[in-house]
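S.K.: Take a look at the letters that make up each chain.
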Amino acid sequence: MFRAPKNAISTSISRRKFLELGGGAATALGVGSVAVGMNSMIIRRPAYAQSSDAAKWRQYEGSKLVFMSENTPPSFAIRDNLKEFYDLTGITVEILTDDLPVVQQKIGIDLRGGQADYQLNYIQDKPIGSPFADFYEDLTNYTKDDTLPQDSDGYGEDAWFDNFLRACGEYYVPGRIVAFPYDCAVACTFYRQDLFESLTKDFEADHGYRMEFTEDTTWKQVQEFAAFFTKLRNGGREDIPYGYGQHHGSFAWTSHLDIQRMLFSHGRWNEFDIDDKLGSKTPGPTNWGDEQSVLIMQKYKEQADVSHPDNLANGTLQLNTAYAAGDIAIQVQYHEFCASVEDEKNSRAGGGKTAYAPCPKGEKSWVVGNGDVVNGTNCGIGGIGINSAASEDLRRAAYLFAVWSVSKSTQLNVLKKLGGTPTRPSVLAEPDVQAARKRPSSMPNALTFDAVYDYGIKDPHFVLGPKIPEANEYYSILLGELQSMVAGQKSPEEACNGIKIQLDDLHDI
Amino acid sequence: MTGTTYSTEIMSSSGKTVRDMSDGGVVINYRPSLVNPPASKRYYFYLMAPALILLALITLYPFFWLIYMSLHKVDLGGSGDTWNDFKNWTRLARDMKFLGGWWLLAKYSFYCMLFEVLLGIMIAVILDNSRFEKVLVTIFLMPMMMAPVIAGLVWYYLYNSTFGWYHWIMQSLGILGDKSILGDVSTAMTAVVLVDVWQWTPLIVLITLAGLKRVPRDQLEANMVDGAGAIRNFFQITLPNTYPFLLIAILLRFMDNFRFIDALMVLTGGGPANSTKILPTYLFDVSFVFFKLGRGAAIALTLLIVTIILGMILVKVFQSPSASTSQGGE
Amino acid sequence: MASHEVVQYRSTIRSAINVFTFVFLMVFLIWTVLPFIIMFVSSFKNLLEAFNLPEKGDWASVISVFFDFEPTAIHYRELFTERNFATYFFNSIVSSGGSALISVVLGAMAAYSLSRIDFRGKNHVFFWVISTRMAPVVAVMVPLYTIFRGLDLIGTLPGLILAYTTFNLPFAIWILKGFFDNIPYAIEEAAMVDGHTRLGAFREILPLAAPGIGAFLVLCILFSWNDFLFASIIGSGGAKTLPVATRELVTPTSIQWGKIMAAGVITSVPMTFLGLLIRKYLVTGLTMGAVKE
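Chains as they are written, first to last, in the numbering used here: chain L, 1 to 509; chain P, 510 to 839; chain E, 840 to 1132.
Next comes chain L alone, as it looks inside the complex:
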């Protein structure tokens, strides 16, 4: 069946020739990499301060850049829109998209090697920003450069939503901004308003208050709602969803965010006594193991007990899948998921059944001491930043893309196309975006904007930290202990102490 492969090297070739051939083959491999590869390329025609804007945009015409990004809708939408950027600048941009853990890993290897295969990086605030912040350019130097085109909306704190710039851009050094907010995922509550309405009478009979969701709804009430639904479901009502679902699965970061919301709601608890928005490379001993943390851990476990039975297997995405399948009544979820929940073709929770509210508020009686109760809200703000290892021209060319990708018009396009998550308030001012905040909405994500942009992301509710270089290992430690506790293998005290011991060990304390 198989024919003998014809030997490539004929007998008349001398040994020496043969070795040369080998060399030739090796060279061919090298040359091929230029042709097939993703190597960037730079072609420059200098622009000056007095040049026209168009000339400034086109100063790197013919160049090629690589942007490594998470596979979020904005990146897909921007990829579809790349022609627009090419028409503006003449620069080709290759957008590589991957799962966040893979992006993390590739960016890490690239930076670790002192390379710049990816001149543009997607800087997800803590998973990527915290460990790698030092490897990115300080963008403030570029915003002041008048040989580069600049966005008329500016880049100051007020050009973005509250806290966004600091969330993804500022690490350890005040005033050094390494990323512009590119997309965002902010937590808010998704709940089944239809069921809340139809069942509130039964609930009220038991608990003496109406089942409804406002910004004053507390974690204790959420637990009671959840218990109510889950009890019905377990009693044989297959048409009733389970009450609640937490973020577990294997992606540790989102589990951290899940418990952090609850912890921060009660006395604005934080892991470390450091500036939450700036972070620190030497955070000192952790607060895990204190009375407040143990109490909330215990409440978190109680919450887990009235959640979807597959709680531990459900990561953020699976949780949303279960919610969209009509299996969960309340989830605290990132607002970027709204579009998929509202998609009536694929969701049983769409079409007006779901309403959106800010994250639940802290319960006064659960606060140890006399801290405030807030609606602890957190986020993943994905920034776009520039790898310092790239050559100066590459960095400048990359800046052009960074500016374009976070501009108001680009964000507006993305929002219209694929459920984007804008980072500039000016986008919200657009009349059609305003209209979309009410049903029927042409941009479903806009339905969450009241809860998210007008409430959750503002102080005192917003929590960003902890920005520490060891963030990813901390999340992994936390996930292990948290899930052991939820599974009943450890008590809340044991879990909290387990976290404390490992975390302090990590910081050599």
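These aren't lab readings, by the way, just hints derived from the structure by calculation. Any given hint could be a false lead.
[Claimed, not checked] Label-pair restraints from in silico Cβ distances:
id : chain 1 : residue 1 : chain 2 : residue 2 : range
1  : L       : 231       : E       : 897       : 20 to 26 Å
2  : L       : 508       : E       : 958       : 48 to 54 Å
3  : L       : 508       : E       : 929       : 49 to 55 Å
4  : P       : 595       : L       : 146       : 50 to 56 Å
5  : P       : 644       : E       : 897       : 28 to 34 Å
Note that the structure is a prediction, hence the values are computed from the model and not measured. We put the CB at the ideal spot given by N, CA and C, even for glycine.
Following the hints, position chains P and E against chain L.
M.R.: What follows is chains P and E alone, placed relative to chain L:
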């Protein structure tokens, strides 16, 4: 069939030799071994060189690099590695996820082996010489051909508590409650083992079948004459004869469990509560998520050392009489 | 009378065993093929149809629920129109085929030489060769990346070919050596007597090993085709292969199950056929030559 194939091909390539070669036995008789002494060693080394140099480049450097890294605190950016007095190594001694990772790896491998070998032998014995051997073996082979990452995705889909058919089946059979098999600390390990069993039991079937074909018929018959039943025959003759094959299979699978974590990463990523965090997945975390390259190198070295020991055992088995490979030359 | 009873008794046991083995085989058969069937059928369902399950314990309606859907080829179509699967398919073919070819050519040369000479430490060299294949990929990924980066091969097809060669080449050397061991040196000598050069003699015996070489070419393709880690890190974005592209259909906001199943079919079908094609050599290949059928 193969014989005719090669002789015709030789004919097409050079006419002259054919007449000498087409009746193979003759060739050997008339070989004048003194006319042309064995080729010089240098010639063979040249032939070997490209492959060995390439291999050396891509294996030795990483190995020394690992040793170097494991002895340093490695900062990002390629510069500023500092000697840290074996801290990466001493840390491992109290790293519960490292120790637990070894334990879980052993446990995972043990269960995979156990089920695969038991099932594999049963299937092979049933199939051996049966009417459907060809067809069924062919069908049973299919899972081995699937990319592990795809297998992981497909099984993840089957296990899902919202829409998974296997979840539904297990629920309907009363094996499982509402919790999915991946969502419970006590069952997640079983779930990942099942996927490995699904994918690799066929290999054990194949290997056992190959072994069974080698069981000497006369021994079996002689034993029968001595009054042995089918079961005694199996344990006295068949199993000892297939044993070296099984050992090879087990060692190979064991080493593959060190190498391939694609399916497991998709299915559980090591969770829940680290209940499936076998060592290679923890190594992945340390090196690629925490970017502790020094510590990762230390873990990697422990993994490498154990692999090499296993490999040595494997090669010993290879060279045992049952696996006959003659040395080159005459 | 008594003996008659024994026979009766035996035959009941026999038939009990027969029934048991039949049921056992059936269960194993279903267990083996069911994931394939579900994957295949689900690739033609839309999301809500795919999520339909019967009531718990309602075995009677399994078939009707499972097949209750309007077949759609949209997932397949979109993989090619929206997701560049044609390119990924091409990348998979080129990278696995290229690596298989290089591995077999270089491997045959090395295996032949190793088979023909003896030198001090040969066994050590040989063990080192095979140990390179056993090394856990995760363990050596970072240094490998550095090397490949240094050669400018990250994200390129040649890079991926070279990466796959790291595990195919030792495999090829190991297996092919067994082949050459079985070819008597006398044949080469005879060829040289006929005036062939040494290389010519090597060429003469190649056809003897050809069927095996062909089969292992296919096995090398199979190994590389199914690889994920190398393709994901060394292949990076520039040389994306089918398994990596399939994994990417799990996005942060949705898992596109229909497309994943379709991609699973596209990735698995060619390999299943290739595997069956070389079925005779499969055991030898997968046991690194230790077991021959």
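S.K.: Each hint should be assessed against the structure and marked as holding or not.
M.R.: We went through each hint and held it up to the structure:
{"no.": "1", "hint": "231/L <-> 897/E: 20 to 26 Å", "in the structure": "25 Å, holds"}
{"no.": "2", "hint": "508/L <-> 958/E: 48 to 54 Å", "in the structure": "52 Å, holds"}
{"no.": "3", "hint": "508/L <-> 929/E: 49 to 55 Å", "in the structure": "51 Å, holds"}
{"no.": "4", "hint": "595/P <-> 146/L: 50 to 56 Å", "in the structure": "54 Å, holds"}
{"no.": "5", "hint": "644/P <-> 897/E: 28 to 34 Å", "in the structure": "33 Å, holds"}
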